[in-house]
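As a plain string of letters, each chain reads:
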Amino acid sequence: MSSLVCGFGAGVLQIVPLLRSFSCCFILPFASFISLLLNQRATKSTSRITTKNALLFGLVTGLYAALFGSFLEIFITFITKQNDIISTFPELQRMINNFPVGPEIKNEVLTLFQRVREDILSTGFSVLYTFSVLVNNFMVNSIFGAVGGLIGAQIINSRINTTKNEF
Amino acid sequence: MRFPFRLMIFILLTVWCAGIFLEWFINFDSHLLFGLPFLQKTYSLVCHQERAKLLLFDHGGTLTCARCTGTYLGLLFSSLFFVFQNSWKKPHIKFLFLAATPMILDVILYSLNIYHYSKPIAFITGFLLGSVGFLYLYEGLNNLILELKN
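Each protein sequence line maps, in turn, to chains W and D.
Mapping to our numbering: the first sequence position 95 is 215, numbers consecutive.
Mapping to our numbering: the second sequence position 52 is 242, numbers consecutive.
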């Protein structure tokens, strides 16, 4: 349950334009850490968290964040017919034209992304875009969630050790 | 942790770090250009990718800012060390916070306009956190393997 709550929170924050850049270095590891803390509180446990549990909590939090984050991103794109691909397309075009590669490859890449752009502008949905959102979110979020769980458990366990030593 | 696991961690981090320098690799294989927009999206999840804060080279730049590049290269550097060195005394968690302090101070100081954003400082503070942070990640993975064995 704590993973679901924290994963949902992280998933929502992940689609906020400025905050999304911090999703992996801060939001996801923090969500995993909070998820572990909430679980400790809910179960009234004062024992050390095993690494296996920490990894599992982090992973599940990351997967929930990916699920909610992807759904919201795809849904908002569908409703507004706008997203970062559309807004950054002129910049991408300029950047690709500046690369020292052959014109055929440049044209192929630009045609591919032009098609994605047109799909999104006309229907609000692109298979390639949806696929890239799902793959990116599920891969990156699960890894960073698990890392957050591993490091979070060490922080919580060190606090448990300190408390026990004080008594 | 056994050598194959340590090597696998190093290889995975090498692939992740190589992705950051994709624009540079395009000079050697132009087909990599197809992957650029996808990887830009991938790395946008881990970094703000503000143009002024990227490490720039001929015909492009890194896909993450100087600080994030430093952090990931720090992780890679430590993982390389651990490929050859297995035994390591577990560091106290306070060292992680200590390693994060220069980065936090840098962010606070340049945000308050006490000095201008500096890519070398951002890179070094990120590298410090990344290289120290790997110790805790390694420790966590080590514990996990031990728990799974028991």
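Honestly, I wouldn't trust all of these hints.
Not the full set, but computed from the structure, chain D residues with beta-carbon under 8 angstroms of chain W [stated by the list, open to error]: (1) F218; (2) S220; (3) H221; (4) T232; (5) D296; (6) P310; (7) I314; (8) L318; (9) V322; (10) L325; (11) E329; (12) L338; (13) N340.
Cut-off 27 angstroms, straight-line C-alpha distance, at most; resulting in silico cross-link-like pairs (DSS-like, lysine-lysine) [unchecked claim]: (14) D/K231 to W/K226; (15) D/K243 to W/K172; (16) D/K279 to D/K339; (17) D/K309 to D/K231; (18) D/K280 to D/K243; (19) W/K172 to D/K279; (20) D/K243 to D/K231; (21) W/K201 to W/K226; (22) W/K201 to D/K279; (23) D/K309 to W/K164; (24) W/K172 to D/K339; (25) W/K172 to D/K309; (26) D/K309 to D/K243.
Coverage of chain D stretches by chain W, computed from C-beta distances (three or more under 8 angstroms per stretch; other residues unrestricted) [to be verified]: (27) 233-246; (28) 266-274.
None of these hints come from the bench; they were simulated from the model.
All figures in this text were calculated on a predicted structure; none of them were measured in a lab.
The beta-carbon is built from N, C-alpha and C at its ideal position, and this holds for glycine as well.
Evaluation of the interface hint that places D/L338 against chain W, nearest CB under 8 angstroms: holds, 7 angstroms
27 angstroms Cα cutoff - pair D/K280, D/K243: violated, 34 angstroms
Coverage criterion applied to the region 266-274 of chain D (partner chain W; beta-carbon cut 8 angstroms; 3 residues): Result for this restraint: violated, n = 0.
Minimum beta-carbon distance criterion (8 angstroms), D/I314 to chain W: Constraint on D/I314 not satisfied, violated at 17 angstroms.
Pair hint D/K309 and D/K231, alpha-carbon separation not exceeding 27 angstroms: Satisfied, since the Cα-Cα distance of roughly 22 angstroms is no more than 27 angstroms.
Pairwise hint evaluation, D/K339 against W/K172, where the allowed Cα distance is 27 angstroms at most: holds, 11 angstroms
Restraint check for W/K201 with W/K226, where alpha carbons must lie at most 27 angstroms apart: holds, 26 angstroms
Status of the hint placing D/V322 at chain W (closest C-beta pair under 8 angstroms): violated, 11 angstroms
Interface hint for D/N340, Cβ within 8 angstroms of any Cβ on chain W: Since chain W brings no Cβ nearer than about 10 angstroms to D/N340, farther than 8 angstroms, the hint is violated.
Satisfaction of hint between W/K226 and D/K231, Cα-Cα up to 27 angstroms: Distance of about 19 angstroms is within 27 angstroms: holds.
Agreement of W/K172 and D/K309 with the hint, judged by alpha carbon distance not exceeding 27 angstroms: Violated, at about 38 angstroms.
Holds or violated: W/K201 to D/K279, with C-alpha atoms at most 27 angstroms apart: Roughly 54 angstroms between the alpha carbons, so the hint for W/K201 and D/K279 is violated.
Of the numbered hints stated above, those contradicted by the structure are hints 1, 5, 6, 7, 8, 9, 10, 13, 15, 18, 22, 23, 25 and 28, listed in ascending order.
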